[in-house]
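Based on these hints, arrange chain B on the given structure of chain A.
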Amino acid sequence: MKPFNLFPYGSNIDFMRLRTVSVLVAALLMAVSIGAIAFKGFNFALDFTGGAVTEIRFEQPVNVDDVRARLRDAGYGNAQVQTFGSGNDLLVRVQPQTEGEVEGGADQNTAREVQQALAIPGNPGTVLKSDYVGPQIGKEIAVNGIWALIFVVVGFMIYISFRFEKKFAVAATLTTMHDVVLVAGWFALTGREFDLTVLAGILSVMGFSINDTIVVFDRIRENFRSMRTGSLSVINAAINQTLSRTVITSFVSFLSMLALYLYGGGSLKGLAEAMLIGVVVATLSSIFVAAPLLTFGPLKVTKQDLMPKARDEEALARRP
Amino acid sequence: MLTYARWKYVLLLVIVLLSALYALPNVFPQDPSVQISASRGAVVDEALKARVEASLRQAGVTAKSVELAGDNLLVRLPDPDLQVKASDVLTPELGSDYIVALNLAQTVPGWLAELGGKPMLLGLDLQGGVHFTMQVDQQAAVDKRMEATAEDVRMLLREKRIGYDSVERRGRTGVVATLGDAAAAEKAREEILRSDPSLQTSIAGNTVSVQMGDAELRQLMLDAIEQNVGTLRNRVNALGVAEPIIQRQGDDRIVVQLPGVQDTAQAKRVLGATATLEWRAVVEGNAYEARDSGIVPPEALLYSRKELGVDGKPVPILLSKRVIASGEQMVHASAGNDPQSGTPAVSVRLNGAGGQRMFEFTSENVGKPMAVVYIERVPEVRIVDGEEVRSTRINQEVISVATIRGVFGKEFQTTGLESRKEAASLALLLRSGSLAAPMDFIEERIVGPSLGRENVERGMTAIKYSFMFILAFFLVYYRVFGVITCVALLLNLLMVVAIMSLFNATMTLPGMAAIALTVGFSVDANVLINERIREELRAGVPAKAAIAGGYDKALSTIADANITSILAGVALFAFGTGPVKGFAIALIVGISTSMYSAVSASRGIATLIYGGRRKLKSLAI
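Heads up: the sequence lines are chains A and B, in that order. Take 1 as the starting number for the first sequence in the UniProt record's numbering and just add one per residue. Take 1 as the starting number for the second sequence in the UniProt record's numbering and just add one per residue.
These are computed hints drawn from the structure, not numbers from a lab. There's no promise every hint is true.
[Stated by the list, open to error] For the chain A half of the interface with chain B, some residues (derived, Cβ under 10 Å), not all of them:
#1 Ala74
#2 Gln116
#3 Asn144
#4 Gly155
#5 Phe164
#6 Ile210
#7 Asp212
#8 Thr213
#9 Thr242
#10 Ser256
#11 Ala259
#12 Tyr261
#13 Leu271
#14 Met275
[Stated by the list, open to error] Simulated coverage check for chain B against chain A, where a stretch passes if three residues somewhere in it have a Cβ under 8 Å from a Cβ of chain A:
#15 77 to 88
#16 190 to 200
#17 514 to 528
[As the list claims (entries may be wrong)] Heads up, simulated DSS-like pairs for lysine-lysine below, C-alpha to C-alpha not over 30 Å straight-line:
#18 Lys464/B to Lys300/A
#19 Lys269/A to Lys464/B
#20 Lys464/B to Lys118/B
#21 Lys303/A to Lys553/B
Cβ atoms here follow ideal geometry from the backbone N, Cα and C, with glycine treated the same way.
If we strip away everything but chain A, and leave its shape as in the complex, we get:
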């Protein structure tokens, strides 16, 4: 019985032919993402910003989009509207407009304004509860995030340099950053709510991305040692050899995340979405970004880089 295969054996697609184009596309996407993050920013959830939460019960089910539009007209541009329980109950989160003195009154004030904005004829809403919620994430967390990033980058660099080679470490780290920035860019660009679980999702994209890249790099290293051809064909061969593994793994991971997205409920949607995009981006980047990076400029890998070094070259030179 012949094995069931997604990819024919001995596939020999010339991925390296497009290496300049693919790296340029990656750089462009990264620039767009950074631009979106810098100029548009994230739609931070209350986890980050704090704000007023108002629960309103309507007599009849209401249209969430309509509610958002009404709130926008009332000046609450980035209101978050969520239904909970039956379709009649809404959870509206806004950042209070009244700056400055908050003496227990501001959130009530906001609640009133929200209620007025939502006074839909024939379907009055009653405010069930209104609270001011402080940000769960303060400055210290942002600082911690930067530390975590530095820690990860340094950790990757040390480990990969040790196990592989410096050029591989730089290429892998760059690729991982690329993937993370792209996913973050997606959230900035689409204005999806950015909460703690999205953060967790984006950070775990990092884990998935480095995993994917290392598998390809591992094969490149192996091929450099065993094949007697130029680096382009060595890298090409490595990508082709790992192609079915890459696709199967990504496919399976994608589908398990899809299950999370579909059945996990609202609180996991952000995380699942980040991971879904991350899996696709990380898979493509391990082929089209990470491997080509090893052929450019200072990152260009040669056979010599991976050959076991003579133990003590100086000592050898000194010999008569």
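Relative to chain A, chain B alone:
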């Protein structure tokens, strides 16, 4: 060749059995229960049990059982509604001597619990939990700061040899120093400003008034609440709650959510108590006379000691108004035994400023007594005429009076504690930092478990679907090796659950997501191996050698890929909080176990299936 050492099979068997054993407690549901523990002084005994049983019977609440468990009394109830009812009945009945808290009691059989079997803790999002709102008394923070400022001014004037008549607090945020004449006042003002330029000063005749600026005042209040949040975080960490939420709400409130807390009564006690220590000099004089007449020497305050005197009342003692060092200056405290007497003691380390003052004081006062004052603030709520009245009881006790035997600075010991337990709990309270301002519980809410149950169901559904899909895919794609992969994946899941249960990790929704993700890593390892085996077969390697080669060659790839992912997980854990941390824990555990299940365990199974065959022509892969 394709071999798998016998000891590795034994190890595999042991791991499977242990995983199954420690994953087992998660199957047992938890009983809604009410837990009663004693506040300071009261005892939990059979009499209390009888009293609780009687009042429950009177209210018509049938408990599953009422049992004494260590220092607590546990009332198990058949459902959450009765649990709330029982709590409502018992709280007013028992009053402030006891702490009545809702809890979830384990139903894990004794033998399993004996072996250390515990179910995974579920986060607030999965099972509900306690929710406290605490009010920060900011005025107290201001008072404290102004007291300190007044003391600083006194010290400064004495140091600079400027004679003064008095230094007193005036109003809410002011200190007024009265000096001999206007020239002295001017000089004093200069010195005060030099020592702390942020203060606002003004001169009227021979008095200098020192005011705190509005900006400083606001900053002080902000700092107070921030410090309290930090302190609460430390205390909660000391309780072992993996994913607490501690956040500011409004201007002066802090919300604390403790998911999956096993002992809510303990939580409330640790969070609510504001204990601190003060080291003060003992003032000579007749303390009994001072207590009876009410006339206390001007430089002294009247305290009482913990011990009872011959008259049955606490022994009074006169202590200096000046605090040598206080809990805020403490860096670390740990419980242990006093090496000289062998009695329980708390070792204390002070910060530089505190150490310096302690050094100065002790070097001038060797042979004189010094006292340690333990100050505890216990919030109380009473119902008077149908209205809630909040008050606080402040217990100040001199817990030890010791003669200063030598000069010491930053590090020293406090002895005179009754038991090891007392030493440990004092050390914990001190270690977890002092609060900048006292706090009262103003709201205590139990987050209902129904929402949690819904979330658990959703998460389970997601995991179930992703698993079903993966298993089906592998069975079709890799056939026999697909079966091996599936067994490895299931073993991995079992191991993750077992480890997380054993180490008391808290399961949350993001944690569930991380488990789904680690399934991906486990899948990846298996796919790498299976694809390698296929490659070997294509290269014409004999079947058994192909299996062995596939496992060997994939190993370093899997190790490199997983170790880098774990690195990312460790960073998340080290620097993340809340859900991020939970996610990281599940990720790290999951990747680690998948290294074993995918690489070693699956190889054992493959060897079991194929290793014994003499002539193996082809593989079903």
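Once the shortest beta carbon distance from Tyr261/A to chain B is found, is it less than 10 Å? At about 8 Å, which falls below the 10 Å cut-off, the nearest Cβ of chain B leaves the hint on Tyr261/A intact, so it holds.
Using the nearest Cβ pair, does Ser256/A come within less than 10 Å of chain B? Hint on Ser256/A: holds, closest Cβ of chain B at ~3 Å, below 10 Å.
Do three or more residues from the segment 514 to 528 of chain B put their C-beta atoms closer than 8 Å to C-beta atoms of chain A? holds (count 10)
Hold the hint about Thr213/A up to the distance rule: shortest CB distance to chain B must be less than 10 Å. holds (9 Å)
Status of the hint placing Ile210/A at chain B (closest C-beta pair under 10 Å): Nearest chain B Cβ about 4 Å off; hint holds.
Please check whether the segment 77 to 88 of chain B has three or more residues whose CB lies within less than 8 Å of a CB on chain A. violated (count 0)
Status of the hint placing Ala259/A at chain B (closest C-beta pair under 10 Å): Ala259/A check passes; min Cβ-Cβ to chain B is 4 Å, inside 10 Å.
Would the pair Lys464/B and Lys118/B pass a check requiring their Cα atoms to be no farther apart than 30 Å? Within the cut-off at roughly 23 Å; holds.
Verify the proposed pairing of Lys464/B with Lys300/A, using a straight-line Cα cut of 30 Å. Outside the cut-off at roughly 45 Å; violated.
Holds or violated: is the Cβ of Gly155/A closer than 10 Å to a Cβ in chain B? Because about 4 Å separates Gly155/A from the closest Cβ in chain B, which is inside the 10 Å limit, the hint holds.
Closer than 8 Å, Cβ to Cβ, for at least three residues: run that test on the segment 190 to 200 of chain B against chain A and report holds or violated. violated (count 0)
Holds or violated: the hint that Ala74/A contacts chain B, with Cβ atoms closer than 10 Å. violated (23 Å)
Violation of the numbered hints given earlier is confined to hints 1, 2, 15, 16 and 18; the remaining hints are satisfied by the structure.
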